[in-house]
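These protein sequence lines map, in sequence, to chains W and E. Under my numbering, residues 1 to 83 are what the first sequence spells out, in order. Under my numbering, residues 1001 to 1233 are what the second sequence spells out, in order.
FYI, nobody ran anything at the bench for these hints, they're computed from the structure. Please note: incorrect hints may appear among the correct ones.
What the hints assert, rightly or not - From the derived model, a few chain E residues whose C-beta atoms are all more than 12 Å from chain W:
(1) T1039
(2) A1073
(3) E1096
(4) M1104
(5) H1106
(6) T1155
(7) E1173
(8) I1213
Stated by the list, open to error - According to the in silico footprint, chain W covers these stretches of chain E (three or more CB under 8 Å from chain W):
(9) 1019-1025
(10) 1055-1065
(11) 1108-1114
Don't be surprised by glycine CBs; every beta carbon is placed ideally from N, CA and C.
As a plain string of letters, each chain reads:
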Amino acid sequence: MFKAQINVTLRKSILDPKGKAAREALHNLGYNKVSDVRIGKYIELNIEAADEAEARSLAQISCEKLLANEVMEDFVITITKTD
Amino acid sequence: MAANVGVLVFPGSNCDHDAYHALKHVMGIDTRFIFHKETDLGDVDAIVVPGGFSYGDYLRSGAIARFSPVMQAVADFAAKGGPVIGICNGFQILLESGLLPGAMLHNSQLRFVCKQVYLKTVAFDTPFTTHVPKDKLLQVPVAHGEGNYYADTETLKRLEDNNQIVFRYADSEGNITPEANPNGTITNIAGICNDKRNVVGMMPHPERAMESILGSTDGKYIFESVINNLVTN
């Protein structure tokens, strides 16, 4: 069994208004050294697969088909063995 | 030929009855609901993908609805040239389905906007805009949290070059200004069509601008257009 940990974020070229609002709030708290905030989604999948490559390819296709919209989002997949 | 229009119903649709009322009772057209589990659209001549929060907008607006059985039938219908209009969440579903290019971001000011806006029609050759008078600004309400249309530079250029931008947000004089833009959408885009021009998506709600008691009847031009095109074809 493998676990896929997936981070989905808005593409770098796209303004992230939620991130901007959070950054302004952090500045209001006095944390002025925080310069950029990007807010995204974290998704976990448990995957039954023979090896890591198979698990990764299943996670990849899940992102491409459903979990991320590549018109506006990027995703990063981390695979770990869980048993 | 009498026109016959289908209104899709997803779990979480909430403008399906408004669209049905607009077509059936205001326009007097045969209209029926088509449930998301259906795989056959029957003998309908046009499809309305209504607004709402299909599947709770989980993951992304329209992302789950696009995999409903009915959406494959809609894709086949559109591929054959059938007229399809997606309104608000319906527009988002058409984007997620790939029937229209681009994607929808959160409103730039992060607020849900619910108000009357003016629309300037810029493409009159879609089945939904042929009967819009050339100089008429349409007063129609918007109600959305994610209506900030986005497309990459290349896609945007293609939309401009092919005249696929159908509506833009304008002020009451018809000027396309940043102040008239309710959600931060690129170049005030309120609606677009596909390259074959039979699939239209728009964020504003023409089905809520059908009776003067509700403030405007300008939405009727959109439905009159498609109905007249169906009757004359």
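Against the structure, the hints come out as follows:
With a closest Cβ-Cβ approach of about 20 Å to chain W, T1039 (chain E) is found to remain outside the 12 Å limit, as its non-interface label requires. Remark: the non-interface label on A1073 (chain E) is consistent with the geometry, its nearest Cβ contact in chain W lying 19 Å away (cut-off 12 Å). With a minimum CB-CB distance of about 7 Å to chain W, E1096 (chain E) fails to clear the 12 Å threshold, and the non-interface call is violated. Not every beta carbon of chain W lies more than 12 Å from that of M1104 (chain E), the smallest distance being close to 8 Å; the non-interface claim is violated.
Distance check on H1106 (chain E): its Cβ comes as close as 6 Å (rounded) to a Cβ of chain W, failing to clear the 12 Å threshold; non-interface status is violated. Some Cβ of chain W comes within 12 Å of the Cβ of T1155 (chain E); the nearest lies about 8 Å off, and the non-interface call is violated. Here E1173 (chain E) stays apart from chain W, with its beta-carbon at least about 28 Å from theirs, past the 12 Å limit. The non-interface label for I1213 (chain E) is consistent with chain W: the shortest C-beta to C-beta separation is roughly 36 Å, beyond 12 Å.
Under a criterion of three residues with beta carbons nearer than 8 Å to beta carbons of chain W, the stated coverage of the segment 1019-1025 of chain E fails, only 0 such residues being counted. Beta-carbon proximity to chain W at under 8 Å applies to 3 residues in the segment 1055-1065 of chain E; the threshold of 3 is reached and the given coverage holds. Coverage of the segment 1108-1114 of chain E by chain W holds [criterion: at least 3 residues with CB-CB distance below 8 Å; count 3].
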